Amino acid sequence: MTLKIYLPLDSAAVALGADEVASAILAEASKRGVAVDLVRNGSRGMVWLEPLAEVVTPQGRMAFGPMEPGDVAGLFGDLAAHPKALGLTEDLPWLKGQTRLTFARVGVVDPLSLSDYVAHGGLEGLKRAVAMTAPEMVAEVTASGLRGRGGAGFPTGIKWKTVSEAKGDRKYIVCNADEGDSATFADRMLMEGDPLTLIEGMAIAGLACGAEKGFVYIRSEYPVAIAVMQKALEVARAGGLLGDVLGSGRQFDMEVRVGAGAYVCGEETSLLNSLEGKRGIVRAKPPLPALEGFMGKPTVVNNVISLASVPVIFARGAEFYKGFGLGRSRGTIPLQIAGNVKHGGLYEVAFGLTLGDIVDKIGGGTLTGRPVKAVQVGGPLGAYFPRSLFDTPFGYEEFAGKEGLIGHAGLTIFDDSADMLGMARFAMEFCAIESCGKCTPCRIGAVRGVETVDRIARGDTDAKPLLIDLCQTMKSGSLCALGGFTPYPVMSALTHFPDDFAAKEAAE
Amino acid sequence: MLDSASMIARVEEILFAHKDMEGALLPILHAVQAEFGHVPEAALPVIAEALVITKAEAAGVMSFYHDFREHPAGRHVLKLCRAESCKSVGADGLADHVREKLGLDWHETSKDGAVTLEPIFCLGLCACGPAALVDGKLVGRLDAAKLDAILGGLK
Numbered sequence: 001m002t003l004k005i006y007l008p009l010d011s012a013a014v015a016l017g018a019d020e021v022a023s024a025i026l027a028e029a030s031k032r033g034v035a036v037d038l039v040r041n042g043s044r045g046m047v048w049l050e051p052l053a054e055v056v057t058p059q060g061r062m063a064f065g066p067m068e069p070g071d072v073a074g075l076f077g078d079l080a081a082h083p084k085a086l087g088l089t090e091d092l093p094w095l096k097g098q099t100r101l102t103f104a105r106v107g108v109v110d111p112l113s114l115s116d117y118v119a120h121g122g123l124e125g126l127k128r129a130v131a132m133t134a135p136e137m138v139a140e141v142t143a144s145g146l147r148g149r150g151g152a153g154f155p156t157g158i159k160w161k162t163v164s165e166a167k168g169d170r171k172y173i174v175c176n177a178d179e180g181d182s183a184t185f186a187d188r189m190l191m192e193g194d195p196l197t198l199i200e201g202m203a204i205a206g207l208a209c210g211a212e213k214g215f216v217y218i219r220s221e222y223p224v225a226i227a228v229m230q231k232a233l234e235v236a237r238a239g240g241l242l243g244d245v246l247g248s249g250r251q252f253d254m255e256v257r258v259g260a261g262a263y264v265c266g267e268e269t270s271l272l273n274s275l276e277g278k279r280g281i282v283r284a285k286p287p288l289p290a291l292e293g294f295m296g297k298p299t300v301v302n303n304v305i306s307l308a309s310v311p312v313i314f315a316r317g318a319e320f321y322k323g324f325g326l327g328r329s330r331g332t333i334p335l336q337i338a339g340n341v342k343h344g345g346l347y348e349v350a351f352g353l354t355l356g357d358i359v360d361k362i363g364g365g366t367l368t369g370r371p372v373k374a375v376q377v378g379g380p381l382g383a384y385f386p387r388s389l390f391d392t393p394f395g396y397e398e399f400a401g402k403e404g405l406i407g408h409a410g411l412t413i414f415d416d417s418a419d420m421l422g423m424a425r426f427a428m429e430f431c432a433i434e435s436c437g438k439c440t441p442c443r444i445g446a447v448r449g450v451e452t453v454d455r456i457a458r459g460d461t462d463a464k465p466l467l468i469d470l471c472q473t474m475k476s477g478s479l480c481a482l483g484g485f486t487p488y489p490v491m492s493a494l495t496h497f498p499d500d501f502a503a504k505e506a507a508e
Numbered sequence: 001m002l003d004s005a006s007m008i009a010r011v012e013e014i015l016f017a018h019k020d021m022e023g024a025l026l027p028i029l030h031a032v033q034a035e036f037g038h039v040p041e042a043a044l045p046v047i048a049e050a051l052v053i054t055k056a057e058a059a060g061v062m063s064f065y066h067d068f069r070e071h072p073a074g075r076h077v078l079k080l081c082r083a084e085s086c087k088s089v090g091a092d093g094l095a096d097h098v099r100e101k102l103g104l105d106w107h108e109t110s111k112d113g114a115v116t117l118e119p120i121f122c123l124g125l126c127a128c129g130p131a132a133l134v135d136g137k138l139v140g141r142l143d144a145a146k147l148d149a150i151l152g153g154l155k
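For the protein sequence lines, the chains are S and E, in the order given.
Residue 508, in our numbering, is where the first sequence stops; the numbers in between run on with no holes.
Residue 155, in our numbering, is where the second sequence stops; the numbers in between run on with no holes.
In short, the hints are calculated from the structure, not lab data.
Being a predicted model, the structure only gives us computed values, none of them experimental.
There are no misleading hints in this set.
Lysine to aspartate or glutamate pairs mimicking EDC-like chemistry, simulated, CA-CA at most 16 Å apart:
(1) S:K297 - E:E22
(2) S:K213 - E:E22
(3) S:K278 - E:E57
(4) E:K137 - S:E20
(5) S:K278 - E:E22
(6) S:K213 - E:D20
(7) E:K146 - E:D96
Label-pair distances were calculated between CB atoms; the ranges are:
(8) E:A34 - S:V34: 36 to 46 Å
(9) S:P83 - E:P72: 45 to 55 Å
(10) E:E12 - S:A284: 29 to 39 Å
(11) S:S113 - E:A34: 21 to 31 Å
The beta carbon of each residue, even a glycine, is placed where N, CA and C say it ideally should be.
Same shape as in the complex, but just chain S (with noise of 0.2 Å):
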């Protein structure tokens, strides 16, 4: 008999020892002459669990975790005995809460398996898709409320719109998988264990905006995912997803392309430019790029987890989709909860959960056991959140209406020895480094804001207005979102934790 043992080649399962667990388990089969099948699957989001394995048996899969390479031995005996057993993976309070649509097959299947893929409900939404129109198809999108889930929150359905309407010898699908944010993960995540949805979602793109090439961009620090995804590619190509699409007779074939540690590329006019072999320059808008985008051609850029969403949105209807989310966020929304939390990780749910559940509650607070100060909802351009906000639902418009964004849906929590006036600075000082030199307000901003911080630590009170006013000017005047939004995480620190701003003054 085969034992058969799941453990996550999911990046961060490996930063915490997956590869050592992963080899005492194949180094125990062979002391004990016993047959195991180790499937290295995506990660189920339990980040405070990894490394964890699962053993199949015949009442479902069994999770053991946070596992070392001494816990290993254990999993060849009683395994109800095993010091790490958590019971059956499915009936976990952290999976048994989530509505998983676009990570429904994360963690469960083998990534680079088709057959695994299919049975577990893959290739329907692209079946579905082949039998349709271009216009069905983009109109199915956009019945289906989705929207950017990068940042921006644009319709994902009237972009594609856009590109499928165009003239254009060529046309282009670009997956922005350049996830640069701070507190996100998601797309890494996806791409490491279910490659195969994010390469149906962008078939399905291709076919309804009549592009027959894609790109994925993927960002240098992401060594794990490049290579499942290059690897996938090969497998989707063999099977018949790419290439002549699922035998239609419409062509769709995409590549892998790596960034090289510009965070700036995040932004998709600079990330066209990368693609193209150009410094990561933003580029002004109009044109959009789904009328000139790569080359110049009509070209789709959309986010992993809004393309990964796509195979979903098919397989099951617009309707039922649209059917979750509150007021103008449509859908289901992966929550990825980090930082100095006790149960941090990946949480898809509908949108509308308050800040306060989200962090108290499946968070369960910090890790230190401290209080929570504050949380950091976006990424890097972000804005801090108080706990006197902690009512806020999770959309988009409701985020912004309280000053924030939700961004690609991270979330860095800190707990009360964090210095505001600290991460203001770092937020003006990242803002300097990763600028890419286009606009004044962002290039010369970002160096004035730090030096304005610094004056404000040194209790120079003068310096407070003269920040205000540089946030505005950035805010306004920048050209893309780096330097237009950097302001958020300076300007909610400095307006919802002025001790901080303040105690330095008192210090001196």
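Fit chain E to the known structure of chain S by using the hints.
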């Protein structure tokens, strides 16, 4: 040490392998750096000529991106995350510890050529920070003791 003629020959092989690619400059620079550990200055005019751009344009692209090196790094490269999530669990203190221990600031290489210290802004290990990339190996939940053990192995 590779002589210049063999280096150019290898660069030309890399260029040939990318000849049908749209927007090939970044993949070419990645491939050259993977081969030599940095992008040798003498490679730039060869690359520029093949892509029909000026050497200044090629150099401009190379210098824009943090990843590309003009000179070889140390025998080991330690990239420590400096982004917000890692900061929330003590990355700043860890960075001070490493810089003091190695006697290096960011982007510097130790005198014996053993270690290059670099900042990195997010490895997507935001729920298990502080995180680092050590010679391409991901590590999470770092503390001073764990990092000292890693540094001890970098000879």
